[in-house]
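4 protein chains.
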Amino acid sequence: MVRTYSLDSKKVASAALEWLSARGVQLEEIAELVMQGQSEYYPNLSVEQCLEAVKRVLSKREVQNALLLGIQIDILTEQGKLMPPLQEMLVHDEKLFGCDEILALSIVNVYGSIGFTNFGFFDKTKPGVLDRLNNKESGEIHTFLDDLVGAVAASACSYIAHRKQAEAEATMGV
Amino acid sequence: MVRTYSLDSKKVASAALEWLSARGVQLEEIAELVMQGQSEYYPNLSVEQCLEAVKRVLSKREVQNALLLGIQIDILTEQGKLMPPLQEMLVHDEKLFGCDEILALSIVNVYGSIGFTNFGFFDKTKPGVLDRLNNKESGEIHTFLDDLVGAVAASACSYIAHRKQAEAEATMGV
Amino acid sequence: MVRTYSLDSKKVASAALEWLSARGVQLEEIAELVMQGQSEYYPNLSVEQCLEAVKRVLSKREVQNALLLGIQIDILTEQGKLMPPLQEMLVHDEKLFGCDEILALSIVNVYGSIGFTNFGFFDKTKPGVLDRLNNKESGEIHTFLDDLVGAVAASACSYIAHRKQAEAEATMGV
Amino acid sequence: MVRTYSLDSKKVASAALEWLSARGVQLEEIAELVMQGQSEYYPNLSVEQCLEAVKRVLSKREVQNALLLGIQIDILTEQGKLMPPLQEMLVHDEKLFGCDEILALSIVNVYGSIGFTNFGFFDKTKPGVLDRLNNKESGEIHTFLDDLVGAVAASACSYIAHRKQAEAEATMGV
Chain A
2 MVRTYSLDSK KVASAALEWL SARGVQLEEI AELVMQGQSE YYPNLSVEQC LEAVKRVLSK
62 REVQNALLLG IQIDILTEQG KLMPPLQEML VHDEKLFGCD EILALSIVNV YGSIGFTNFG
122 FFDKTKPGVL DRLNNKESGE IHTFLDDLVG AVAASACSYI AHRKQAEAEA TMGV
Chain B
2 MVRTYSLDSK KVASAALEWL SARGVQLEEI AELVMQGQSE YYPNLSVEQC LEAVKRVLSK
62 REVQNALLLG IQIDILTEQG KLMPPLQEML VHDEKLFGCD EILALSIVNV YGSIGFTNFG
122 FFDKTKPGVL DRLNNKESGE IHTFLDDLVG AVAASACSYI AHRKQAEAEA TMGV
Chain C
2 MVRTYSLDSK KVASAALEWL SARGVQLEEI AELVMQGQSE YYPNLSVEQC LEAVKRVLSK
62 REVQNALLLG IQIDILTEQG KLMPPLQEML VHDEKLFGCD EILALSIVNV YGSIGFTNFG
122 FFDKTKPGVL DRLNNKESGE IHTFLDDLVG AVAASACSYI AHRKQAEAEA TMGV
Chain D
2 MVRTYSLDSK KVASAALEWL SARGVQLEEI AELVMQGQSE YYPNLSVEQC LEAVKRVLSK
62 REVQNALLLG IQIDILTEQG KLMPPLQEML VHDEKLFGCD EILALSIVNV YGSIGFTNFG
122 FFDKTKPGVL DRLNNKESGE IHTFLDDLVG AVAASACSYI AHRKQAEAEA TMGV
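Those protein sequence lines, which keep their order, are chains A, B, C and D. Residues 2 to 175 (the numbering used here) make up the first sequence, in order. Residues 2 to 175 (the numbering used here) make up the second sequence, in order. Residues 2 to 175 (the numbering used here) make up the third sequence, in order. Residues 2 to 175 (the numbering used here) make up the fourth sequence, in order.
Everything labelled a hint here was simulated from the structure, so no lab data went into it. Some hints here could point you the wrong way.
If chains are identical, the list can't say which one is meant, so a pair holds when it fits in one copy or spans any two.
In the BS3-like style, the derived pairs of lysine-lysine whose C-alpha atoms are separated by at most 30 Å in a straight line are [stated by the list, open to error]: (1) Lys137 x Lys96; (2) Lys165 x Lys125; (3) Lys137 x Lys56; (4) Lys12 x Lys96; (5) Lys56 x Lys11; (6) Lys125 x Lys96; (7) Lys82 x Lys11.
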């Protein structure tokens, strides 16, 4: 019997969350990056709101696709399954190899251009979870994942900014 | 003895060309797409100029990186080495999975925005080599490669347009 | 008395729709492009669904921003208010000037990468309203608007694709 | 007598440099941003090399186009020539208006994805000339220009990275 293919969006969504967790990334850690990036603009911002924003970003199909692909590449790199010279470039997170940033930007794009600044800032300063992912001494390879997590955090920052504007306008309307 | 890593740009460049050939894509076929896309604007355009443009595009590091990564993913998909649901999405070139287009656009970007139109047109009409790569009955998987080859052709179209403008201005200058 | 600035999202949204209308573009015309682009995949697709998709895309802030800026530039170009050589390049929709495509792509990005193909195809084939906007003999300048309208249509195509998938999965779930 | 239009690339190039200078931006200031961004990686990097990189970036047509358009919009904003609500959003460099970042990213794209990080970092930390351009108390409007200058600097950082790699490989080859 031939099984016909059909996309199962729920499986894609849950796989993205499971893979993220399996690679050691907690949603709360991403929320902390968001808090760090946005609290200066919104003093009343709560960790719960940041976590909610992260979950919203992770509910987007484009974001799930990028996470699945990036984590898969990281795992195969860890297992030494890629052909040279790609294997070597990815093991060493080669600076002149930019496909990881490309994939990350497709996440940032989903919530608009205001995420670019935060993405670049996170990528340069590597706060919190990004520092751990970027640690080359653990034996783990997160060449794609560190950029993707930074992009999810940056997109959540955008989401917060849009949401806070809507709240402010709703209040003024009263 | 520890071997330190250092990027070898020549190896990256030659690997990109070899992998392209190993996956059955001839540079002449890409040049034909360029000819098809640009000959209406430049009646004197020769196949040699198109081939030269394709080679120029392929000499760019960003393009080589995207080709190596995309072809690697295609090969691993063919071998069934990816985890579900990514494996299934890539085998079936899932329409709502857009990371292949994302990677392709990073190629188009290198020669500027005028390549976008040609990329989309090639991707929709699938002329020549793109039709063959997109054939799902061969058993081969080219989920990434068909978009990447279309992007190389679109970038070469941009290169031709810039080059022809330079030639026209040089002639008028005399 | 100093009036402090605060963003009024409703004004931005309504201005985008009004400017579009003032420049002679009907939402129904954009919906027709969507119908043309997607009806082969979804035989039961209705014009109403396409129009609904167009309205959804136009409700996004990023899309409104790009429309306002692009239409403003077109109007100023028509009035001859730009400095040379920018004025000349925009009057003649210079092929090697790609900022109009750049702005259009920021619209396409909002609904993910699957819109790129349709954008390029519309831009190359110029169906319906795009042909009229692109007509250089009317005296009107739509250097930016034709690309932006094509991008709105392409994004609405993406929206339809995502929506139809959700419907299919909901049906199968029953 | 009808004058036919033809693109004059030299005029476009020189206009971009003149407008940059007329808006108070010296190439040496951009070079300083590059020095600041790259000197930690290349201790022997000289200001002359940074200035050379900036000039290279500015020689690209896509970059010139974006500069001309962005500066033109800034000037028209300063003169109050735009329609509301666009005028107000641009005067106040509205955080949720991202077309300036979009245009800037088209510059960053030219030298590949490794520029994104530096662009975001410059945009967040606003060093040197960017702080002056971003000063809202001068009466001048640089809503687009501050992002564009940051993007030129970020692209020049990419150029330096590619160039230094080529030098290192040439040395090892000997």
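We went through each hint and held it up to the structure:
With identical chains, the CA atoms of lysine 137 and lysine 96 are at most 30 Å apart within one copy only, with a shortest distance of 14 Å there and 36 Å across copies. Proximity of lysine 165 and lysine 125 under a CA criterion of 30 Å is satisfied in both settings, with 26 Å inside one chain copy and 20 Å between copies. Taking the shortest alpha-carbon separations for lysine 137 and lysine 56, only the intra-copy value of 28 Å comes in at or below 30 Å, while the best inter-copy value is 36 Å. In this assembly of identical chains, the alpha carbons of lysine 12 and lysine 96 lie at most 30 Å apart only when taken from different copies (16 Å versus 34 Å within one copy).
Within a single copy, lysine 56 and lysine 11 get their C-alpha atoms as close as 14 Å, and across copies as close as 27 Å, so both meet the 30 Å cut-off. When the C-alpha separation of lysine 125 and lysine 96 is checked against a cutoff of 30 Å, the pair qualifies both within a copy, at 12 Å, and between copies, at 21 Å. For the identical chains of this complex, lysine 82 and lysine 11 are neighbours both inside a copy (29 Å) and across copies (22 Å), given an alpha-carbon limit of 30 Å.
In this structure, every one of the numbered hints holds.
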